[in-house]
Every structure is written in structure tokens, then in C-alpha cells.
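Residues per chain, in single letters:
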Amino acid sequence: MTSNYSKFEAVCCILEENNFDKSKLIPILQSVQEEYRYLPAEIMSFISSSLDMSPAIVYGVATFYSHFTLNPKGENIIKVCNGTACHVKKSAAIIDAMRKKLGLKENENTTKDMLFTIETVACLGACGLAPVVVINENVHGQMTAEKIVKLIDETMGAK
Amino acid sequence: MGKYLTINGKKLEFRDERNLLEIIRKEHIDLPTFCYHSELSIHGSCRLCMVEIAGRGVMSACSTPPELDMEIKTNTEQLIEIRKITIELLLANHDRECTMCAKSESCKLQSLARRLGIEEVRFKNIFHKESKDISTYALVRDNGKCVLCGDCVRFCDEIQSIGALGFAGRGWRAKICLSFERNLESSECVYCGQCSRVCPTGAILPKTEFRGVWKALSDKKKKVIVAIAPAVRAAIGEVFGVTEENGTEIAGKIVTALRSMGFAKVFDISFTADMTIIEEANEFLERLGKGDDMPMFTSCCPAWVRFVEQYYPDFIKNISTCRSPQGMYGSIARRIMPEVLGIPKEELVIVSVMPCTAKKYEARRSELAKDGVIDIDYVITTQELALMIEEAGLRFGNLEASAFDMPLGFKTGGGIIFGNSGGVTEAVLRNVMNTNGDESEEFNFVRGENGVREAKLKVGTRELKLAVVHGLKNARKVLRDIRADKKRYDFVEVMACPGGCIGGAGQPVYSDLAVRKKRSKVLYENDKIMELHKPQDNPYVQKIYKDYLENPGSKKAHEYLHTTFKYRKRFKATLEIFKSHLEKSININVCVGNNCLRKGSKEILKHIIGDNKFKDNVNVQALICLEKCSNGPAVKINGKTFEHCTPGSVENAIKEELKK
Amino acid sequence: MMIELEKIIEDFLSSRENIKKRVIVCAGTGCVANGSLKVFNTLIDVSKELGIDAHIELKKENSGSFFSKSGCQGFCQNGPLINILPAGILYTKVKPEDAKEILEKTVKDDELIERLCYHSGNTICKGQEEIPFYQKQHRIVLKQCGIIDPENIREYIANGGYLAARKACMQMTDKEICDVVLESGLRGRGGAGFLTGRKWDITRKQEGTKKYMICNGDEGDPGAFMDRSVMEGNPHSVIEGLIIAAKATGADEGYIYIRTEYSLAVERMNRAVKDATDIGILGDNVFGSNHNFKLHVMEGAGAFVCGEETALIASVEGKRAMPSPKPPFPAQSGLWGKPTTINNVETLATVPLIINYGALKFRKIGTENSTGTKTFALTGNVANTGLIEVPMGTTLRHIIFDIAGGVTDDEGKINEDNFKAVQIGGPSGGCLTKEHFDLSLEFESLKKIGAMIGSGGLVVMSKHNCMVNVSKFFMQFTQNESCGKCVLCREGNKQMLLMLTDITNGKANEKTLALLEQLAKAVMAGSLCGLGKTAPNPVLSTLKYFRDEYNAHVKEKRCPAGECVNLLSYTITDKCVGCGVCALKCPVKAITGQKGKKHTIDTPECIKCGVCMTSCKFSAVERG
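Chains as they are written, first to last, in the working numbering: chain A, 1 to 159; chain B, 1 to 660; chain C, 1 to 624.
Among these hints, one or two may not hold up.
The calculated DMTMM-like cross-link candidates involving lysine to aspartate or glutamate, where the alpha carbons are at most 20 Å apart (straight line), are [what the hints assert, rightly or not]:
hint, chain 1, residue 1, chain 2, residue 2
1, B, Lys215, B, Glu27
2, A, Lys22, C, Glu253
3, A, Lys22, B, Glu158
4, A, Lys24, C, Glu267
Just so you know, these hints were derived from the structure itself, not from any lab.
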């Protein structure tokens, strides 16, 4: 058997904590995303029903903000900083190397085996260490195309 | 002392204009816009109404209030350049197969491109074709034609309070779509189609079905009969540049046109509008007497009916069970006319011409079908009729007028004014008051433009309270007030479209309020010159009752002229909560719709699976919704629905099921 | 609630009397990335090991050393940084292995470990004051960042905190506050530089009892992090600024809207709001006045356009952050239709200083029209990067050479010749070149040359940075961040990006350049909001100062900086001895060849990262 009950219960609690308040839609979606690691359409329908608001509005908000994701993420999340400082220190080459290494096609950000998701983020505020890559919350500075490939190998090996 | 500003060097006085655009347009300068509609909020997205204001630079006229001594220029080199670039940018991301677009020649983008002399698009073509949404009978959406002005989104939300359409994504990926990119059919759209009226391009259009009509007309084995709605005659002339005070001449031209296309009979929906009034008035007096299910709501507008079915299931019982005039026409045409006209049933093709997109949907409501056969084969709009006239090569203006066919071509003024907001109420009053000995024929207090018009009048010893409403947001407010006991009414007329049917989405597209007012006037003028004004006086209606339907409200009348309504879920969602791996397990669906959730469906879920009571013997899904909102929480166990559930009752029911 | 700040100060100071040493470990993202948490943990472990008895016994009380996590101190690439007080010693690049030595020598015996000190040339800098990077700055807003414990409200109070707020609430009228701030000349640090005092006064004059204050901490510029540092390093200064602003404008409720990526800032701000509420500084009857102020922290969800006030308001209301046309201005009709004032973090953190020291003293810093200081996030090819704070009107020369320690080459060595440009103000800013070295950095002067202070990003570009590519980078950013509402910004930025991409791919001609410029000007003039209006700045500014570089791409299909990968190719010459190092280093395995024989590069596979060239000991790889 597979139970999703605890997640569903958590969503109910999130709604209650926010008093079913429409104006708290963003914090609600943030909390729900923490629970599911993404925003499943069915759950968003449930949220719009519970908040008594048009589902088009919920969908509109969920697709507007870059923090929300409507697709499940991979097990490992690699964030590449593409802030100005990282960019001038050639973060583009790191992204290219990574995509090649993981076999990601254009517009794909998660590997088919759901092991890796790559995200580019605007400035992590560690410009002194540019270019910066964060793998599962661990910050790696002064990255190069060569090093990232090794790091991915290590991450794969560790699993 | 007056307040002045200057536009293109000319000193002008301004008063209470809300923005520069209003002043500029009053000066007969056609500053272009996509996103400005006086009835909607200021959006400021199209960047076409840009003006230069001395000391401030380039600003959008729609969002800038007039100020003393402002110096405004509307057509400088820079402004022309910005407008040109804006249009080119839109065209670079637009399906440019204009010749094949139904909006060709009435498209604002097309006409602006011409006006601004755009000869080439200097930007890269980044347009990607998407498939059209043809999921409903009412509307077709084609995002390839969308300029994202957001008019549809705002109309749907601000005027209709539906919010079916919304913005999604951002940046150049931004688009207008239904929630979760579903199609219209699975959205909460009520098909009023006003989005298509305000759309400047061909991104949302009424769905056409006149090709089918042509086909039926050319089929020698078929006899095609047609009926036109009252509002059609008030607007179709606009397409052909024909105007007329009272619409009778135009109606006559329509009849001639339809005959020459090969329709066997041309009828008038106003006839069944008369019948509707008689049935509805009868029902109203009956309800008033008993005091049941008051106030009574009108049922003529299918968008309004669907609105109640979706959002206010507890008010469904308040809707008059009368079919709309189209619904009655369908029923009579399908079941009575073969005999009257001597046309074999299988040869008969039934068409209606409507000012409305929701009527296309209404005709296909299963509640209006008998034995699975729907009454009306094709519902075409005023726009489609105009297209057919053009396609047939008929010079509408030069056509002679001719008379409708009998019996369904005879009507009273009461059936004509149906096309206006307030018309149904007025016609009902003509009937009801007459029953009480009042001979009045005009009830001016229900006429007008206000979104909610209230009236009180004495009927015998009783004071009646009426409300005439147009626009669904206004309707929502009225319903809330009734529910909260803030307002009490006896009779409420609601039309989804502003102005009623004359402003329907199937009519020629209008944007100026004056056009709608003119249409309204046509119908009232038409009423004035009619011989009869009270529906009950219609001799042909009386004859149909006599021959087929006994009396108003009779069992027969109910069978032919009434219908039913039901709760319709706005949208579906299924959440897998607990999946059994056993082959044989009990399927449990717990409704977690808003009502059930607040009444305790969460506790039910917790009770039955929170502590794993039934192990692997159950499959549990949370659903939106089981459509039992007033009797929740609802739970369905192996196909059987239980209402007013408690954790304990569900547990017992599952145990019962397990024993089997 | 009546609060005796003096009592809190007294208690705090007496509790600190017996604390001999404080070891403050920087916990800014930069230092954390360099391993500062490990250092912190090791310090705690080792301190226990070393002085087990003393420490365990005295854990709660007033002696021994005191560790705390601080916010960013700037100087990031030298992290992890450790401050030891009261001696004022700053150690840089500290490793966990150093913990024992630091505790034994410096903490116990006040002995300086020169190895860990910052070296400026041949001088050993003992503490922050001696390091040119800090010495040449003028830190008032950032002064306490990195010094005080941001998670301890009492420490903030003990350092003079909330005195200004109390003064504003108890001794000043709303108008007086507006006047003082207006007189100080303080202008919004978020971008446009509107006079803060005037802004407050407009809201103050609005009728109605319900008004809102919003602090915009949704710092979205992809190269700026000063707001984050303030929120992390001194959150109470922001709250104090908000209290003063709320009193001045008549707001009784406020929001701090923080970019969600700034998890530490969110955490600290939440903590600070809670502490201030618990102690009675926030809530009903602030300081016993009749003024109420309730404060909420809200996490943004990732939208740069929230820098636009109307978009930020929409976001706080839970909607898509799409800007709406002004008027109405937020001061008239803002959050939920009520008069609302929005200020940026740095602006608010500056306010208590003005109330404390007076408008005149504040005016003395900076220039006539741009008063006070400005923080910048300094990055790129300079010796010292990080957060800096300088008076308005400081020259670029002073920043680059005196504070940042000069321009560096790609290996990090000082090389002034490597300088090409400074990008200021991020995606809405522009470029400064050598000719602007002596330009005074202030609102008007920058605007005049088509740049802006913006959020305060300052990126020093080297000869190896292609300016076309830089403007493409910013355009990529803005077209992604455009809300998609108005045509010019949504479609215009996309088309500009396509043109810039064509240029960097060698697929453009001179017509492209003309059209690009035309489009940029239209987008600038006609867009609905600030994001669209400023998005073309990087393009127009680079077109102005680096036309030659554009021309090289367009006419000669050549990237002078050697950065546009589609105009480059790497080849292996006959100098190759077949050592195989390049093949080994290539991250995409694009180099093949037999050992001892000349290798070749598979061009379609090559991502042009240049590793082969830098790793070849025989200079056999050439870029063309």
C-alpha cells in the first residue's frame, strides 16, 4: 500500500494555519511545495477549492514566481549561480558542461532517472567565490567546467 | 472657472473625465487601444495610447488623469515610432494567416497595422502555432492570435466574477489560459462569450456551426426550419449599414434572406417568448401563493442558469423550471411542428438564430433532450447569419421585407422586449398585473442600464419586490444579499450579458455603449408598434395550448415546456490518498470540496486511514467533488454515496462492506 | 508598552562585564561557502576540549569566551573571517585546523597569529581598521554588521539601538519626522532615488486611519547583496527604521518582504520581529506612545519585478506581481487600496542614524544632492571583493584602487591594464569606463551618462569580458523577469535578446545594430514600469561606449574579448606531443588522440571552456 495521507493532512494544516485566507496564497503554496517538493496540479485544485478562489488565479500565481515548480524535482538539486559576478567568471561554460554530462536536452532541467535537477539562480550572494555552484545546499566556489563534472560523479557515487 | 489643458496645441476644457484618453477621444482623435474598455479596470498593457506630455515625457493616456495646463501631444515622431514598434512586436509573435481568420477585417491588430503603414515586420518571427481549443459548442480559443491585452481576463473576473481565464507564466512565456491549461469544457466557463466580444483579435471567437446549416439546406431530403431571436433584428443591420427605428423592416429582410437560402419555414423566437411568459407568470403566481422557493429567478439566460448550477446549488430550486424561449421552440418544433406543418419527423432540421454563445451550449443540455435526442440541430449566432447572407451574395439592404411563417411567427410586444435586460420582467408584469385587473402595458421602472434595478409594486393587496440584474458579478452580489437576508425579493431577472441579449456575444461586436443603447431602443420601439403587447393575448399561442398543452402549468405543459437543473461541479480533482495493493479492496471516495471539508471530511479521512484501521483493504481517494454540497460530508463507498457522514458512520459503512 | 531601554542596556552591559573575549565567526553566505560553519563548530568543540571544566561550569555565566554568528562583513573572498573582541583582531581564511591555535594563543594569551592576519603588501593588518579595504570605507549603515550579534536584541539596544525609534515615537510629531528626513536629503536606495522625507510626507497627508509600511527586501539584482547583508547582520536597524517610518506616515501595520533565497535573512528577520514584539517595541502602544505598529515578515517567491512598488504590493496581496499603471500611486492607494509607503532595506537602516544624529550631521556626508553613504556589492576583477560602504560622490578610482585593491588579471594578480569597464546598477544600470574614473558617483551624475546606482551592484570587467555578451546576459535576465504584461517589455526584451544572440553568434549585420538601438529606445520610453523602462540601459550604454566591439562582431564576425563561444574555435597545433593532459581535463570528452600522437578536438562537442588551452604545457592549443 502507498499512503499520501500525511501529506494531505499537512496541506489541510497549512490551510488552517493560514485561516483559509486568500491573500496568503503565496505562503500557502510555499509551505505546500516544501511538503511535496513541487506543486501537483491536483493539490492546487484542492487549494483553490478550499480557498474558494478561481483555480486560474492559483495557477497564474504558481506559474509566475520562479520559486514555484510544477514538475517533480530530481533527488539532487544543483543550483548554478548565474549572477553577474559568476557570469563574468564564465558560469555559462559550467552550465554547458553540466547539461552535457547529465544528457539534458534544451528546456529539460531534470534527468530522466529523476536523479538530478539543475537550476540557474540569480546571485547567491557569494560573489567573492564566483563562479558558485550549490549541490544539495553545499556551496562550492571557484567552480570550473572540469570540477563540476567531477562533483557530479562524486554525487552519483555517494548515492 | 473652467479647467483647461492643451491637446496638439488646442486649448480644451475638461471636467470630470477620468483620464486623458477620454478627453482625446472626445476630440475625435482615435488614439488606438487594445486594453482600454470603459467598463473594465485600467490595465495599461498595450502601450498604444501613448502621448507626450510636456515636462513628463511619454505616458499612457488611459492611466493619466487630466491636470491643469497639461500640454499633450498625440502624434509625434517618437509616438508613431513606439506604436509601430509595438504593433511589429506583436506581429512577430502572431499567427499571421489573417486571410483565414474569422476576425479578418474586424481585427484591431490588422486594422492598426494598416493604419500605421506597417509594410514589413523587422523582428524575428517567434510565433509557434498551438492547437485551438474547440472543446465547447460555444467558443473557440486560439492563443496564436492572442495579444495578451487581458480584456477577456478582466471581463470574466470584473464583470462576471467567474475568473475562468487567467494569466499564466511570465515574461515572453506569459499567456492567457484556463486553469492548469485545461480546455474550456473542463473549466468553470459559463459560455456567456463576452470574452470574445472584448477580444480585439481572433483569439477568442464564438464557435460557428453554419457550415452544417448550409449542408442541411442543400440536402434534398431535409426540410430546414429556423427561428430568430428578438435581439437579432436589433443588431444585424449594423453589419450591412442598415438602420431602422423599430426593427420590423429588418426582421422582414431577415425572413426574405432566410427563405432565399432555402429555409422551409422562418419563425420568430418571440412566439415562444410569449409562451415562456405565460408559463413563467403562471409558475410565479403559484409559487407566490404557496410561498415556496421564493424569490423566483428567471431561467431564460443559459449562462446565468449554469452560473447558479455551479456556484449556488442551494438556489437551484429558485430558478423557474420553464425552458427558455429557445428551449420551448426546440420542444415545440421537434414534437408538435411535424404534425402541424406536415413534415415527416426524420426530414426536419431545426435551426435557431441567437444573439448568444451560451445558447449553443444550452441547446445541447441533456435536460432538454428527449430520449437522448436533442431538439435543436444548429444554433447559429447573429454574426453567423450575417456571414451566411454575405456568403449567399444577398444585398441585405436591398431585400424586400416579408412576413414570418405561421403559427410560430406571430408574437406580441411582450415577446419582443425579451431581448432587453428587464424585458422578461416587464412581460411577466404585463401578464401578472393583467390577471389582477391592471391593464398597464409599460413598466418603465424595470428599463434602463443600471446593473441592479429594484422595483416595488402592488399586486392586489400584496407588495411585490422585483430585481432586474445584468452581469454575473451583480448577480453574485444579489444572491449573497438574499442568502444573508439583507435583501428580500419575489422575482429576480438575471441576464449574464450587460444589457441583456441585445449585448450578447453572438451579436455583431460592439465596443461603444451607445450601440447597445440603440439596439435596446429598437426593441422598445418595435413593441410600441405591435398590435398586441401582452403575451397571453397571442392567439396562436392560445391555439397551441388548446390543441396540445391544455393549460399553462398543466402536466402536458410541464412535459413540453419545463426542464430541470442540477448541481455541476466547477472542476474536478482526484487526490490519491491511500492505494491498496490488494486486488480486491473497497473503493472509498471522500469529498473534500469546500463545503464537505469545512463540515469534517478531513476528520473522516483521519479516522479511517490516519491510524491504518483497515490496512490494505481500502483504496481511498479524496475528491472534488461529490456534488452533495448541502448534505455533506459526502462519502462514496464502492459506488454508493452516503451523506451527512461522520467518522463513525463511515467506519461502520466500511465494516459492512468488508463483511460482504 | 513602556520600555526602559536604559535598564536593558545596563543589564546587558553588566552581563557582559565578565566576558573576556568574544570570538565572532562570520556566517555570511560567502564565508559559509568557504567553510565558516565548520570553523565555528570546531572552535566550540576545541574550546570544550581545552578548558573542559571551566567552560562547562561557567557555561551560562559571565566568563570565558563568547561565540556568535554574525552577518556578512564584506571582504568575502578572504573568508572565513573571524573577529576577536575586544582586541579587534580579524583573522582571514581561517581553517578548522586553526581553531586550536586561535583559542590557545589569541583567546587565552592575547597573542596575535600573524599567519592568519590579512596582509596588505608587506604590512600585517591586525584588525579591520588597519585593512585598507575597510579603512578607506565610510561605514555607518554597515558599521555594526559583523560586530554585533544579530540574534540578540539586547545587544542591539546596548549599542544605542531603538533610541531613535523611541525618540520618534515619544518626542516627535509625524510631521517633524518627515521634515528631519527631508532635510537630511536622504533618497531612496532602491533605485530611482526619490526623497524619502517627501515620500513619507505624501502618505502622511493621506486621509484615513489604515495605512501600511512595506520594507522591500526582495533584492533581485543578480549581483547585489547589500540588503541581505543588512538584514542578516543587523536586522533590528531595519525594524527601527520601519517603526520611525510608520510613526511618520501614520501606518499601523507593516510588511518586510524578503527574497526567499535569503533563508538566513528570513530567519534572522523573523527572530528579530519576534524579539521586538516580545519586548514590547512592536505591537500596541509602541514605547508607551499611542502609536501601534504590527510587523509581518513575508517571503517572496522569486520575481525581480517586485522591485516595482505596484508589483510588490500585488505580491503581498497574494497575486501575480504584475505592475499597474501609476497613478494611483501607492501613497494614495496601495496595499488593499490603503495608503502605503515602500522603502528599501538600506534606506530604512539609514533612518535611525538621521534621527539620532540629526539631519545636518547626515548632510555632511556625501554630496549636496546625494547625501549620506551608499553600499555597493563590489565584484569582478578586483583584488578585494565584497560589500563596501562609501559616501555618495566617491569616485570610481577611489573604490577600485584604494578600497578594492586594484584591478586583477584572470589569475588574480594586480594588473591595471586588464581593466575594461565597470557595470553599475545591474540589469537596469549601465557601464562606466576609464573616462569615468573620476566621476562622482551620485544619482544625477550617473543618470546623465545613462547609468544608475540602481541596487548598487558594481562589477569590474576585464579585457576578457565581452561587452556584447554582458548586455546579452542582462537582457536574458530581464526578459526572464519581465512580468509579461506590457507589450514593449514582454516582446521587446525578447527581440533584443534575439538580436544580441545573433550578434554574438556572428549572424547579424549593421541593420541589426540600428534596429536594436531603435527598439531599445522604444522600450525605454514606452514600457509600463521601471523594469521595462530601464531594461534597455545595459544595451544602450554598451552601444554607446563599446560600439567598436559591437562592430567587430557584426562586421568581422569576431569577438575581441574572446568570450563569444560561437565565434571561437579551439584547435590543437603541431606543437602537440600527445601527452593527453587536455583530453583528461576536457569536461565533455571532446578531445581524442593516441598517446604520443597529436590530439584533435571534436568541434561540435566542444563547449569552449578553454580548459585544454590553460592545461597544455606546450602551448599547443590555439584559440581562433
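Hint by hint, here is what the structure shows:
no. : hint               : result
1   : B:Lys215 x B:Glu27 : 49 Å, violated
2   : A:Lys22 x C:Glu253 : 19 Å, holds
3   : A:Lys22 x B:Glu158 : 17 Å, holds
4   : A:Lys24 x C:Glu267 : 19 Å, holds
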